[in-house]
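Undergrad: Each chain, written out:
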Amino acid sequence: MSEPRRRPRRAPPSRRQFLRLAGTAAVVPATSGLLAACVRAAGSRSVSGALTLAAPDHPVLWPISAGNDPIADNLTPERNATLRLYNYADYIAPAAIKAFEKKYARYNVNVTVSTFNDTDEAITKIRTGAVPYDIYFPSYDQISRLVAAELVRPLNHSYLTNIDKVWATFQNPWYDQRWRYTVPYTVYTTGIGWRTDKVSTDIASLANPYDALWDAKYRGETAVIDDWHTAMAMCLLRAGKNDINTASSADLQVISQQLSELQRTSQPKVTITMYNDLPAGQLGQCQMWSGDVINAQYYLPKHTPVSLLRYWFPPDGHGMVDNDLMVILRDGKNPVLAHLFVQFMLDTKNALTNFSFVGYQPPQRSLVPDTVVARGFVPKNLSTAVVQEEYFDVGYRLLELTVDNDAAWHRIWLAFKAGG
Amino acid sequence: MAAAFTVTLRWFRKRFSLWSILSLPGIAWLVLFFLAPLYVVLAIVFGAVDPTFRTPTPIWNPAHWRAGQFTYVIDRIFGSDAVFGPALLRTAIYVLAASVVCVTVAFPVAYYVARLSGRRKGLILALLIAPFWISYMMRMLAWVNLLADDGLVNKLLSFGGLFNVHEQWLSGKSIVVILGLVYGYVPYMILPLYAGLDRLPQSVLEAARDLGANRARAFVRVVLPMCRPTIVAGVLLTCLPMLGDYYTNDLLSGSPSTAMVGNLIDQTVLTPGETGYAGAFVMIVLVVSLIPMLYYVRSVAKSELTAT
Numbered sequence: 001m002s003e004p005r006r007r008p009r010r011a012p013p014s015r016r017q018f019l020r021l022a023g024t025a026a027v028v029p030a031t032s033g034l035l036a037a038c039v040r041a042a043g044s045r046s047v048s049g050a051l052t053l054a055a056p057d058h059p060v061l062w063p064i065s066a067g068n069d070p071i072a073d074n075l076t077p078e079r080n081a082t083l084r085l086y087n088y089a090d091y092i093a094p095a096a097i098k099a100f101e102k103k104y105a106r107y108n109v110n111v112t113v114s115t116f117n118d119t120d121e122a123i124t125k126i127r128t129g130a131v132p133y134d135i136y137f138p139s140y141d142q143i144s145r146l147v148a149a150e151l152v153r154p155l156n157h158s159y160l161t162n163i164d165k166v167w168a169t170f171q172n173p174w175y176d177q178r179w180r181y182t183v184p185y186t187v188y189t190t191g192i193g194w195r196t197d198k199v200s201t202d203i204a205s206l207a208n209p210y211d212a213l214w215d216a217k218y219r220g221e222t223a224v225i226d227d228w229h230t231a232m233a234m235c236l237l238r239a240g241k242n243d244i245n246t247a248s249s250a251d252l253q254v255i256s257q258q259l260s261e262l263q264r265t266s267q268p269k270v271t272i273t274m275y276n277d278l279p280a281g282q283l284g285q286c287q288m289w290s291g292d293v294i295n296a297q298y299y300l301p302k303h304t305p306v307s308l309l310r311y312w313f314p315p316d317g318h319g320m321v322d323n324d325l326m327v328i329l330r331d332g333k334n335p336v337l338a339h340l341f342v343q344f345m346l347d348t349k350n351a352l353t354n355f356s357f358v359g360y361q362p363p364q365r366s367l368v369p370d371t372v373v374a375r376g377f378v379p380k381n382l383s384t385a386v387v388q389e390e391y392f393d394v395g396y397r398l399l400e401l402t403v404d405n406d407a408a409w410h411r412i413w414l415a416f417k418a419g420g
Numbered sequence: 421m422a423a424a425f426t427v428t429l430r431w432f433r434k435r436f437s438l439w440s441i442l443s444l445p446g447i448a449w450l451v452l453f454f455l456a457p458l459y460v461v462l463a464i465v466f467g468a469v470d471p472t473f474r475t476p477t478p479i480w481n482p483a484h485w486r487a488g489q490f491t492y493v494i495d496r497i498f499g500s501d502a503v504f505g506p507a508l509l510r511t512a513i514y515v516l517a518a519s520v521v522c523v524t525v526a527f528p529v530a531y532y533v534a535r536l537s538g539r540r541k542g543l544i545l546a547l548l549i550a551p552f553w554i555s556y557m558m559r560m561l562a563w564v565n566l567l568a569d570d571g572l573v574n575k576l577l578s579f580g581g582l583f584n585v586h587e588q589w590l591s592g593k594s595i596v597v598i599l600g601l602v603y604g605y606v607p608y609m610i611l612p613l614y615a616g617l618d619r620l621p622q623s624v625l626e627a628a629r630d631l632g633a634n635r636a637r638a639f640v641r642v643v644l645p646m647c648r649p650t651i652v653a654g655v656l657l658t659c660l661p662m663l664g665d666y667y668t669n670d671l672l673s674g675s676p677s678t679a680m681v682g683n684l685i686d687q688t689v690l691t692p693g694e695t696g697y698a699g700a701f702v703m704i705v706l707v708v709s710l711i712p713m714l715y716y717v718r719s720v721a722k723s724e725l726t727a728t
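If you're matching them up, the sequences are chains C and S in order.
Here the first sequence is numbered in our numbering, starting from 1 and rising by one per residue.
Here the second sequence is numbered in our numbering, starting from 421 and rising by one per residue.
Hint data in this document are derived by calculation from the structure and do not stem from the laboratory.
Take the hints with a grain of salt, since some may be wrong.
[To be verified] Straight line, CA to CA, 25 Å or less: simulated SDA-like cross-link-like pairs of lysine to any residue:
hint, chain 1, residue 1, chain 2, residue 2
1, S, K593, S, V564
2, C, K103, C, N156
3, S, K575, C, A280
4, C, K333, C, I71
5, C, K165, C, E389
6, C, K241, C, S205
7, C, K333, C, Y107
8, S, K593, C, Q263
9, C, K125, S, P471
10, C, K198, S, S578
11, C, K217, S, K575
12, C, K302, S, S578
13, S, K541, S, P528
14, C, K125, S, I479
15, C, K125, S, T691
16, C, K125, S, Y666
17, C, K302, S, V585
18, S, K722, S, L625
19, S, K575, C, D197
20, S, K593, C, R195
21, C, K125, C, P154
22, C, K198, C, Q388
23, C, K125, S, Y667
24, C, K349, C, Q388
25, C, K333, C, K217
26, C, K198, S, G581
27, C, K302, S, A562
[As the list claims (entries may be wrong)] Computed Cβ-Cβ distance ranges for the label pairs, DEER-style:
hint, chain 1, residue 1, chain 2, residue 2, range
28, S, I595, C, L206, 29 to 39 Å
29, S, R535, C, L308, 51 to 61 Å
30, S, P471, C, A89, 43 to 53 Å
31, S, K575, C, A50, 55 to 65 Å
32, C, S65, S, I595, 54 to 64 Å
33, C, H318, S, D501, 26 to 36 Å
34, S, A502, C, R219, 22 to 32 Å
35, S, P471, C, Q253, 43 to 53 Å
Idealized CB from N, CA, C, for every residue including glycine.
Generate the whole structure from the sequences, applying the supplied hints.
TA: Take a look at the structure:
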């Protein structure tokens, strides 16, 4: 009878094996250290302490830290320079850029545009300092982090005399008192866009127009904006709640229920390409930014009249209103040219050139609804997409949330996006 | 100097065979582009989050790893609040269905090219590879136009206006996503199947026929068993990228009702504070991918054993 086979016992390691093992053991922490060093080498400015969050009822005057002073007055622009803009795709008119290069041709200026998909991605890249972008186009809800991490350069107002051409509300905004770091770029509202040939309901005349997006009749033809805060805030507005930055768990529960109902009834597409999908006929109605519906007229197929496009935003201004900014980055190599570019974009003529390309309205004093329509920037049937200064007195702003609240909102959005 | 070099070379030759030296670039590649990135993912999944920017802060020392982000994802797959469960289940069903359709479509095509196409083999092969010349995204965008409400598909189905067809193909239909996956990945199935079927010895098939098997029986008893490792390889080649695919769903549906695990990764990876979740999803996909991979290894080992 043979003995049962046994698993051979491992012999004690020889001296050579021990050395090899010890070497491996030494390599793992060394690799960890190397990777950690690589990350540190990439460089990222950290912030200590809690962030100050600005709000309309809590305006903030951001400090100017030592060593990050504004540039001096009357400096000569940098010569043979490449001015680097960091922006969303198609969010600045090439004609405006060319005009700037032409204006400062004697300094041999070249302007380049790098693009990002969303501002979180942008800020991550800016923090690495890998590319010395000069001007960045963020939303106002990023300003606290940009200032706290000292990523932005304070403005020298002597270069920016065109500021008096923009709405008064942006000459001392609550998110940046005394406009130390920011100037406004565009303004927009968030409402509902639709096509009259696909949606028989007159959405604007509904008691609660937001209900249209929950209407099962338009299942397969509906979309909401793929931006967590914008889409979720609409759920609150539909439910009659105006605090679109709420930290209340009951309100968050309302959002969650509204999103589930939305999924169950109209099963919307979640996208940011409605400026193309609506005119192309792939959508009948959608949550939409005013700038996108203005842009949509250029994406209509041949022989499709622009008159079938509609846009609703609460006429009394009690809806979501927002604005984007221009800031000069601290790591940029051309601060003087950057100031000149900002000044250039604040000029009415150049701002209008930009408006006609991007569809997003600059907050220029000279632009009132009638002139915007009369001058052909916006067709008459989309006059509701024109942003008015008064909206910013009563409209709801999407604010930067506290870290815990932000995480709670994101968790609900992720659950919705998972289709669970 | 020369003597020292010769001695070193001799020592090197004595210690290591030529083949082990030749494997060094491959090993270096694996370490640099697989193991190191995998370790980075682990350091992020089990790492921390920057309290201000909410960007991931990797923890490199495993002794200090935190399981919070990983357990958050796991709890939402299997726990009472299983919001991610449906997306994972959906991914499994879509990938399984698409793989089955891929095999069904690819096998006859590969069989025809390998064994019956004769002199046209080269041409047909070139045509099969042709889709690779166009980017995956462009091909999907083409389908977006074809499947649009006023697109060619609805026009064809309406037989020139005879019927009123207004099917909304791009409005979150599972079948469209599955067929999109099939369309996108079927060439990856055809090519390995072709390679396997082309190598099938004709003599074995003739022997089966000589021994009385009809065509169908010869196919079932001889061709299919001999092709099993090839079929498994083809399924692996298609289902592994399908598991991480997100843009097919993005382009052909865009609705959360058809979201796959790739969409969850895409959604979370750049969301502040959620990059660790993306890493956790990646780890889950990796572990799930290992199962067919192990089956493949076992299948190949078994067939080699049979051959010897």
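Undergrad: Regarding the pair C/K125 and S/P471, is the alpha-carbon distance no greater than 25 Å?
TA: 17 Å, holds
Undergrad: Would you mind confirming whether the straight-line C-alpha gap from C/K333 to C/K217 stays at or under 25 Å?
TA: 55 Å, violated
Undergrad: Is 43 to 53 Å right for how far apart the beta carbons of S/P471 and C/A89 are?
TA: Since the Cβ atoms of S/P471 and C/A89 sit about 31 Å apart, the hinted range of 43 to 53 Å is violated.
Undergrad: Are the Cα positions of C/K217 and S/K575 separated by 25 Å at most?
TA: Roughly 23 Å separates the two Cα atoms, so the pair holds.
Undergrad: Check the hint pairing C/K302 with S/A562 against an upper bound of 25 Å on the C-alpha distance.
TA: 19 Å, holds
Undergrad: Does the alpha-carbon distance linking S/K593 and S/V564 stay inside the 25 Å limit?
TA: 13 Å, holds
Undergrad: Measure nothing beyond the straight line between the CA atoms of C/K241 and C/S205; if it is 25 Å or shorter, mark the hint as holding.
TA: 20 Å, holds
Undergrad: Does the alpha-carbon distance linking S/K575 and C/D197 stay inside the 25 Å limit?
TA: Since the Cα atoms of S/K575 and C/D197 sit roughly 19 Å apart, the hinted pair holds (cutoff 25 Å).
Undergrad: Could you grab the alpha-carbon distance between C/K125 and S/T691 and see if it respects the 25 Å cut-off?
TA: 14 Å, holds
Undergrad: Do the Cβ positions of S/I595 and C/L206 conform to the proposed distance bound of 29 to 39 Å?
TA: Holds, at about 33 Å.
Undergrad: Take the C-alpha atoms of C/K333 and C/I71, compute the straight-line distance between them, and say whether it is at most 25 Å.
TA: Given that 25 Å is the threshold and the Cα spacing comes to 12 Å, the pair holds.
Undergrad: Going straight from one Cα to the other, do S/K722 and S/L625 come out at no more than 25 Å?
TA: The given pair, whose Cα atoms are some 21 Å apart, holds under the 25 Å limit.
Of the numbered hints given earlier, the model fails hints 22, 25, 30, 35; all others are met.
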